[in-house]
Amino acid sequence: MTKILAIAWKDLRSTARNAPALAMMLLAPLALAALLGFAFGGGGGFDIAATKVATANMDQGRTAAGESAGAVVAGILGSPDLKGVLEVSKKSDADAARAAVDDGKDAVAVIIPADFSEVVYGSSPLAKTRVELYENPTQEIGGAIAESVVGQALLEFSGARAAAAGALALRSQGDPPAAVLAKTAAQQFTHAGGVTAGLDISQRTPQLPGDQNAKDVSVTGAILAGMMVFFMFFGAANVARTILDEDRAGTLPRLFTTPTSYGVILGGKFASVFVTVTLQAVILLVAGRLIFGIDWGRLDAVVLLTLVAAGVASGLALLVISLTRTPAQAGAIGAGVYLVLALVGGNFTGTAQTGGTFGIVQKFTPNGWLLQGWDTTMRGGGFGDIRWQLLVPLGFAVAFFFFAVLRIRRRFA
Amino acid sequence: MNIVEVQELRKQYDPPKGVLALDGVSFDIAEGEIFSLLGPNGAGKSTAISTLSCLLRPSGGDARVAGHSVVREAQAVKEVIGVVPQDIALYPDMSARENLVFWGRMYGLSGDALGKRVDEILELITLVDRQKDRVEKFSGGMKRRVNIGVALLHRPKVLYLDEPTVGIDPQSRRSILDGILALRDQGMTILYTTHYMAEAQELSDRIGIVDHGKMIATGTHEELVKVVGEGARVTARVDHYLEGMAERWREVKGVEKVDLEEDEAVLLTEDPNEVLPRLFEAAAAAGARITEINVTEPNLEMVFLHLTGRALRE
Amino acid sequence: MKLAWILARKDLLQTVRDKLSFIFILLMPLAFTLFFGLLFGGGSDRLPVAVHDADGGVAAQQLVAALQTSDVVKVTAESQADAEKAVDDNKAAAALLIPRGYGADLTAGEKVSLTVVVTEGSSGAATAASEIRSLAGEQVAVELAARAAAEAVWAPRSMPAGAEQGVIAQSAEQARPVAAQVLAQPAAAVKVVQAGTAAGQVPTGFVLSSPGMLVNFIMFSLVTAGVALIVERRNGTLQRLMTTRVRRWELIAGKAAGMFLLTFVQQMLLLGVGQLFFGVDYLRDPVALLAMMVSLSLVASTLGLLLAAVLKSEQALVATSVIVSMSVSALSGAWFPLEITGPAFQFVGHLLPTAWILDGLRGIVVRGFDVADVLPALGVSFAWAAGLFVLAVWRFRLSD
Numbered sequence: 000m001t002k003i004l005a006i007a008w009k010d011l012r013s014t015a016r017n018a019p020a021l022a023m024m025l026l027a028p029l030a031l032a033a034l035l036g037f038a039f040g041g042g043g044g045f046d047i048a049a050t051k052v053a054t055a056n057m058d059q060g061r062t063a064a065g066e067s068a069g070a071v072v073a074g075i076l077g078s079p080d081l082k083g084v085l086e087v088s089k090k091s092d093a094d095a096a097r098a099a100v101d102d103g104k105d106a107v108a109v110i111i112p113a114d115f116s117e118v119v120y121g122s123s124p125l126a127k128t129r130v131e132l133y134e135n136p137t138q139e140i141g142g143a144i145a146e147s148v149v150g151q152a153l154l155e156f157s158g159a160r161a162a163a164a165g166a167l168a169l170r171s172q173g174d175p176p177a178a179v180l181a182k183t184a185a186q187q188f189t190h191a192g193g194v195t196a197g198l199d200i201s202q203r204t205p206q207l208p209g210d211q212n213a214k215d216v217s218v219t220g221a222i223l224a225g226m227m228v229f230f231m232f233f234g235a236a237n238v239a240r241t242i243l244d245e246d247r248a249g250t251l252p253r254l255f256t257t258p259t260s261y262g263v264i265l266g267g268k269f270a271s272v273f274v275t276v277t278l279q280a281v282i283l284l285v286a287g288r289l290i291f292g293i294d295w296g297r298l299d300a301v302v303l304l305t306l307v308a309a310g311v312a313s314g315l316a317l318l319v320i321s322l323t324r325t326p327a328q329a330g331a332i333g334a335g336v337y338l339v340l341a342l343v344g345g346n347f348t349g350t351a352q353t354g355g356t357f358g359i360v361q362k363f364t365p366n367g368w369l370l371q372g373w374d375t376t377m378r379g380g381g382f383g384d385i386r387w388q389l390l391v392p393l394g395f396a397v398a399f400f401f402f403a404v405l406r407i408r409r410r411f412a
Numbered sequence: 000m001n002i003v004e005v006q007e008l009r010k011q012y013d014p015p016k017g018v019l020a021l022d023g024v025s026f027d028i029a030e031g032e033i034f035s036l037l038g039p040n041g042a043g044k045s046t047a048i049s050t051l052s053c054l055l056r057p058s059g060g061d062a063r064v065a066g067h068s069v070v071r072e073a074q075a076v077k078e079v080i081g082v083v084p085q086d087i088a089l090y091p092d093m094s095a096r097e098n099l100v101f102w103g104r105m106y107g108l109s110g111d112a113l114g115k116r117v118d119e120i121l122e123l124i125t126l127v128d129r130q131k132d133r134v135e136k137f138s139g140g141m142k143r144r145v146n147i148g149v150a151l152l153h154r155p156k157v158l159y160l161d162e163p164t165v166g167i168d169p170q171s172r173r174s175i176l177d178g179i180l181a182l183r184d185q186g187m188t189i190l191y192t193t194h195y196m197a198e199a200q201e202l203s204d205r206i207g208i209v210d211h212g213k214m215i216a217t218g219t220h221e222e223l224v225k226v227v228g229e230g231a232r233v234t235a236r237v238d239h240y241l242e243g244m245a246e247r248w249r250e251v252k253g254v255e256k257v258d259l260e261e262d263e264a265v266l267l268t269e270d271p272n273e274v275l276p277r278l279f280e281a282a283a284a285a286g287a288r289i290t291e292i293n294v295t296e297p298n299l300e301m302v303f304l305h306l307t308g309r310a311l312r313e
Numbered sequence: 000m001k002l003a004w005i006l007a008r009k010d011l012l013q014t015v016r017d018k019l020s021f022i023f024i025l026l027m028p029l030a031f032t033l034f035f036g037l038l039f040g041g042g043s044d045r046l047p048v049a050v051h052d053a054d055g056g057v058a059a060q061q062l063v064a065a066l067q068t069s070d071v072v073k074v075t076a077e078s079q080a081d082a083e084k085a086v087d088d089n090k091a092a093a094a095l096l097i098p099r100g101y102g103a104d105l106t107a108g109e110k111v112s113l114t115v116v117v118t119e120g121s122s123g124a125a126t127a128a129s130e131i132r133s134l135a136g137e138q139v140a141v142e143l144a145a146r147a148a149a150e151a152v153w154a155p156r157s158m159p160a161g162a163e164q165g166v167i168a169q170s171a172e173q174a175r176p177v178a179a180q181v182l183a184q185p186a187a188a189v190k191v192v193q194a195g196t197a198a199g200q201v202p203t204g205f206v207l208s209s210p211g212m213l214v215n216f217i218m219f220s221l222v223t224a225g226v227a228l229i230v231e232r233r234n235g236t237l238q239r240l241m242t243t244r245v246r247r248w249e250l251i252a253g254k255a256a257g258m259f260l261l262t263f264v265q266q267m268l269l270l271g272v273g274q275l276f277f278g279v280d281y282l283r284d285p286v287a288l289l290a291m292m293v294s295l296s297l298v299a300s301t302l303g304l305l306l307a308a309v310l311k312s313e314q315a316l317v318a319t320s321v322i323v324s325m326s327v328s329a330l331s332g333a334w335f336p337l338e339i340t341g342p343a344f345q346f347v348g349h350l351l352p353t354a355w356i357l358d359g360l361r362g363i364v365v366r367g368f369d370v371a372d373v374l375p376a377l378g379v380s381f382a383w384a385a386g387l388f389v390l391a392v393w394r395f396r397l398s399d
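Protein chains in written order, with numbering that gives the first Met the number 0: chain A, 0 to 412; chain B, 0 to 313; chain C, 0 to 399.
Be aware that a few hints might be false.
Subject to a maximum C-alpha distance of 25 Å in a straight line, what follows is the list of computed DMTMM-like cross-link-like pairs (lysine to aspartate or glutamate) [as the list claims (entries may be wrong)]:
{"id": "1", "chain 1": "C", "residue 1": "K190", "chain 2": "A", "residue 2": "D246"}
{"id": "2", "chain 1": "C", "residue 1": "K110", "chain 2": "A", "residue 2": "D80"}
{"id": "3", "chain 1": "C", "residue 1": "K311", "chain 2": "A", "residue 2": "D244"}
{"id": "4", "chain 1": "B", "residue 1": "K252", "chain 2": "B", "residue 2": "E201"}
{"id": "5", "chain 1": "C", "residue 1": "K84", "chain 2": "A", "residue 2": "D114"}
{"id": "6", "chain 1": "A", "residue 1": "K362", "chain 2": "C", "residue 2": "E172"}
{"id": "7", "chain 1": "C", "residue 1": "K90", "chain 2": "A", "residue 2": "E66"}
{"id": "8", "chain 1": "C", "residue 1": "K190", "chain 2": "A", "residue 2": "E146"}
{"id": "9", "chain 1": "B", "residue 1": "K156", "chain 2": "B", "residue 2": "E291"}
{"id": "10", "chain 1": "B", "residue 1": "K213", "chain 2": "B", "residue 2": "D118"}
{"id": "11", "chain 1": "C", "residue 1": "K190", "chain 2": "A", "residue 2": "D92"}
{"id": "12", "chain 1": "C", "residue 1": "K18", "chain 2": "A", "residue 2": "E146"}
{"id": "13", "chain 1": "C", "residue 1": "K90", "chain 2": "A", "residue 2": "D384"}
{"id": "14", "chain 1": "A", "residue 1": "K362", "chain 2": "C", "residue 2": "D88"}
{"id": "15", "chain 1": "B", "residue 1": "K156", "chain 2": "B", "residue 2": "D13"}
{"id": "16", "chain 1": "C", "residue 1": "K311", "chain 2": "B", "residue 2": "D118"}
{"id": "17", "chain 1": "C", "residue 1": "K190", "chain 2": "A", "residue 2": "E131"}
{"id": "18", "chain 1": "C", "residue 1": "K190", "chain 2": "A", "residue 2": "D114"}
{"id": "19", "chain 1": "C", "residue 1": "K84", "chain 2": "A", "residue 2": "E245"}
{"id": "20", "chain 1": "C", "residue 1": "K190", "chain 2": "A", "residue 2": "D244"}
{"id": "21", "chain 1": "B", "residue 1": "K213", "chain 2": "B", "residue 2": "E78"}
{"id": "22", "chain 1": "C", "residue 1": "K311", "chain 2": "B", "residue 2": "E135"}
{"id": "23", "chain 1": "B", "residue 1": "K156", "chain 2": "B", "residue 2": "E122"}
{"id": "24", "chain 1": "A", "residue 1": "K182", "chain 2": "C", "residue 2": "D88"}
{"id": "25", "chain 1": "C", "residue 1": "K190", "chain 2": "A", "residue 2": "D299"}
{"id": "26", "chain 1": "B", "residue 1": "K142", "chain 2": "A", "residue 2": "D114"}
{"id": "27", "chain 1": "B", "residue 1": "K156", "chain 2": "B", "residue 2": "D132"}
{"id": "28", "chain 1": "B", "residue 1": "K142", "chain 2": "B", "residue 2": "E72"}
{"id": "29", "chain 1": "B", "residue 1": "K142", "chain 2": "A", "residue 2": "D246"}
{"id": "30", "chain 1": "C", "residue 1": "K84", "chain 2": "A", "residue 2": "E139"}
{"id": "31", "chain 1": "C", "residue 1": "K18", "chain 2": "A", "residue 2": "D199"}
{"id": "32", "chain 1": "B", "residue 1": "K131", "chain 2": "A", "residue 2": "D244"}
{"id": "33", "chain 1": "C", "residue 1": "K110", "chain 2": "A", "residue 2": "D199"}
{"id": "34", "chain 1": "A", "residue 1": "K182", "chain 2": "A", "residue 2": "D246"}
Simulated from the structure, these hints should not be mistaken for lab results.
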C-alpha cells in the first residue's frame, strides 16, 4: 500500500512542478469560466446585448385623427420600457432599412407599409396589411424578440378591430350609426388598456417543496462545473500518459526489475491518476467558491460527485492510453475524444439545454450525467436527488477501468 | 561457488520468424567475480541482461541467480539483483536524493533505514553536494553515477551493468570503473556488458565473448588470448634489403618466427621489450635503417577476429 | 521556395504515417459532425412545456388547446409540483400555471394572471414564454374585444338597474365568435422575411451551427499540428536542417505550409460532409467559400506555428493550444451566437479573425454572400496571419 502511495506521491509532485500541466488543469478552467461568465454578463442572469432594429414607417396615416397607426407601432418599439432590449434607429425608407440589415448594421428591419393606418383604422373586414420584419437569419434571438414586440403591438390593433366587429354584430335598430359604434367599441378596447392591461404574465424560477428551494444557479457556476469536468479529462490524461512516457524513458521497465510486483506498480500509476485529478477538482471547487462566490451545494453531494467525476476522468484517461502506443498518439486521440464528449455532454453550453433530442444524447455521456448532478446540487439538492447522476457515471468509470486494466496488463505482463 | 548459472538460454522476439536474439547461451558467474559479456552491437548482450532481470521471458532454457530460477521465481530473483540499465532510467524532474528515496521504497526500504542508506549511496557516488539538484541538470557522468547508485540501494548480491560507460567523458568513465572494482573488492558479484575491449580486459575476472546470440568463448583474459597463440606481433619496415634483414633477424635471440609480407617483416616474439633493441642493433650492424616498427600484444580484438572473422568494432 | 515545399511534403508524410493519430484527426470531427447533423439537421424540435390547469374551465381548456396546436411548443399536462420539477430538471423548457379563477376573471373582464416558470439562461425558455404570451394574448384579446363591443353597444342604451353585468356579459357572449374570427385572421399581421434567403437557405439549427463546429475543430487541431515541430526540435533534426542550404524563412514557411495543407484538407472533409449529407449549401458561392477556407487555414496554421515556435514541450503545446482554441472558439461565436452575449464580449470577439470568418461562412450559406461580402473577413484574416507569421519567424527557436 505504501508503495502505491509512493508512486502516486511521486507523480503528484512531478505534476506540481510541471507548469504547463498546472496551467491546463487549474488556470484554463478558471480563466475560461471567467471569460464565458463575462460573456453572459457575470454572476447573475443572462445579459443580452440590445437588438439593433431599423424602422421605416411608411404609413401615410390619418394624421387628422391623431397619430398614424404606424407611428404608434414605431413608438412602441422605441419606448423607454424596451430600452435595454431594442436599440432603434429610424430610416427614411424601406430600402434603407433593409440595406441596414444586409450590411450587418441592424439585426432586424421593421417596415410599416403605406396602407397600414388605412387598413387598421378602416372598416373593410377583408383588407389586409403586413408589417414586414426583414431579419438577419443568423441573429435568431433578435429576430424573435422583434417579432414578439411587433406582434403584441399588432394584437392591440386587431383587438380594437375585433371589438368594432363585435359591436357591429350586436348592433340593432336604434343604435348609433355603424361607423360611430365601431369607433366607440375600438376606443373602448384601447382605453381599457387592451391586452397589455388585461393580461399579466409573471415569470419566475421553479419553487420546489421542502428545502429544495430553487436557488438561482449562477451562470459562472454552471460554466465552471462544465469546464472543471472537461479539464479533469486532460488532467487525468497528463498523468496517465506518463505510463507511456516512462515506458519509453526506461523508468517503467526499471520499476519492473525491482521486487515490487506488477500489480502494485500499475496500481500505483492508477492511483496517481485518481489522486491527481481529485486534487485538481478540489482546488477548482475551492477556487470557484473564493473567486466567483459559487455555492456548490451540500457537502455530502459535492464530495460524492467529485469522487465519481475523478473516477470517470481517470478511467477514461487510462482507457485511452491503453489503446495507443506513443505519447503523441495518446495526446492527439485523447484530445479528440474529450472534445467530442464535452460537446455532446453539454460541458460548453452549461445547463441551458432543455429536453428534446439533446437531453437524450447527453445521457450517453458520463459527463452529461455529472453536469446534471452539479446543477442539482447547486440548486440545493442533496444526495438523494442525484442518485442516478452518481450511479450512471460510476458505471461508466468502472467499465473504463475494466477495459483499461485488461489491455494494460496484457501489454506489460 | 557459482552464484549465476545460465543454461542454454534462448530468446526469440516475435516467433516463429522473428529475431533470435539469444541462441542457447550458457555461462556461469562465480560469487565475487566480475564477469563481462563482450560483443559487438546487436550480439544479444542487452537481451541477456533483460532476461536475467526477469524483464523478458526466455523462449527456452533457464538461469538461476542465487539459486532462484528467473523463469519460475522472478520475485526472489529481483530481491537479490540490482540492474543498471544502459539508458539513464531516472526521473529528470526529481533531485538525486528524491530519486534515490523513491527507488529505495520500490526496493522495499523505508523509514530511517532508507534515509541512512540513501546517505551512504550519495557518499559512494560522491554526489552529496548536489543531492538536492534535479537530475535533468546533471552532466552525463553524474547521471550515470546516480543511475548506478539506484541499483545499489538494497545491497544486491549481483549487480548487472549494461554498457554503463557509453558516451561519457574519460574522467567519469575512470571513476565508474574504479567504483566497480571497489564493489567487487567488497564482495559483490558483477555482470558487466560492453563492446569496449579495454574495459573488459581491465575489469573482468572472466569474460564471455558473444556474437549473434551465441557464446563464442569464455575464460580469463589469458585463456582467451591463447586462442590466437602466444607472443606479440612485431611488424617492421627497413629502408632497403628487407629480405636480408629478415634473415638476420631470424638469428636474433627471442625471435621465434619471421615472415615476409609484401614490404614488411612480421615477427613473433614472447617478449617484445627484450627483442626490440636487438632488432635495432641488428639493423644498425647491417647498415639498414628501420623506418617503421609496430608492436601488437595479443588482445581480445584479435581473439574475436580469429573466432568470428569479423572485427569487434564493426 | 522549392525547399520549403519539400519540407512541407516531408511533414505531411510523417503525419500520415502515424496512422492512428491521422485517422483520429480526420475521423473525430467527421463523426461528430455526422452525429450532430443527424440529430439536429431536420429542423428544430418543439419545446416541451408543462401545463398545470388549476382552473379547468372552458377558457383555460381553450388556452391549453391552443398551445397544443402550436408548432413551437409541445404541451404536457402536469400537477403543479411536477411541472415545477420538470422545469427544474431541465425536462421542460417552461411551465405554465393557470390559476383557479382564470376563466371567471376573463369573462368578467377582469385582469387575468398567468405564471410562467422558467430556469434562467435558457434560450428555449425565452421562446416558449414568448409563444405562451402570444397565444394567451390572443385569447385575452378575444374576451376584451367582445366585452368592449358589448359595452360600446350598451353604453347609449338604457338598462334595468343592477342588470348591467348580466346584460353586458350576455352580449359579450354573442360578440365573442365575431371577435374571435377577426382575431383569427387579423388585418394586420407580421410578415417575416429572412434576409438573403431568396437566394439562401432556411436556417435550421444545424445549418447555423455547422460553421461554428468547423471553426472549433480546426482550431482544436492546433494541438496536433505543432507537436511534430516540437519533436523535431527536440531530436535535433531542426538544427541539422540549418546546416544545409535551407534558409531560416524557408524552413518556417515549409512548416507553415504543411500545417496549412493539413487544416485545409480537414476543412474540405467537414464542409463536404455538411454539403453532401445535410444540405448545408456551402457551395452556393464557391469562390467566397474558398476565400473563407483559405482564411481559416492561414490563421490556424500561423497560430499553430507561433505556438510551436515559442513553446518548449509537447505538454506546454497541448495545454496552450487547448486553452487558446477554446477561448478563440467561444469568443468568435462558434459555441453560441454572439448576439446573446453582452456588447463588450462582442467587441472583443470581433477583434479575432475567426469571428469574421464565422460571419462570412454563415453569410454564404444563409444570406447569399458573395466574394465581395467576405472580403473584410479575408482582409482581417490575412492581416492576422501575416502578423502571427512575422512573430513566429522572429521567435522561432531552432533548438532547445
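- Query: Any hints this thing doesn't respect? Which numbers, in order?
  - Reply: Failing hints, ascending: 1, 4, 5, 6, 7, 9, 10, 12, 15, 16, 19, 20, 21, 24, 25, 26, 27, 28, 30, 31 and 34.
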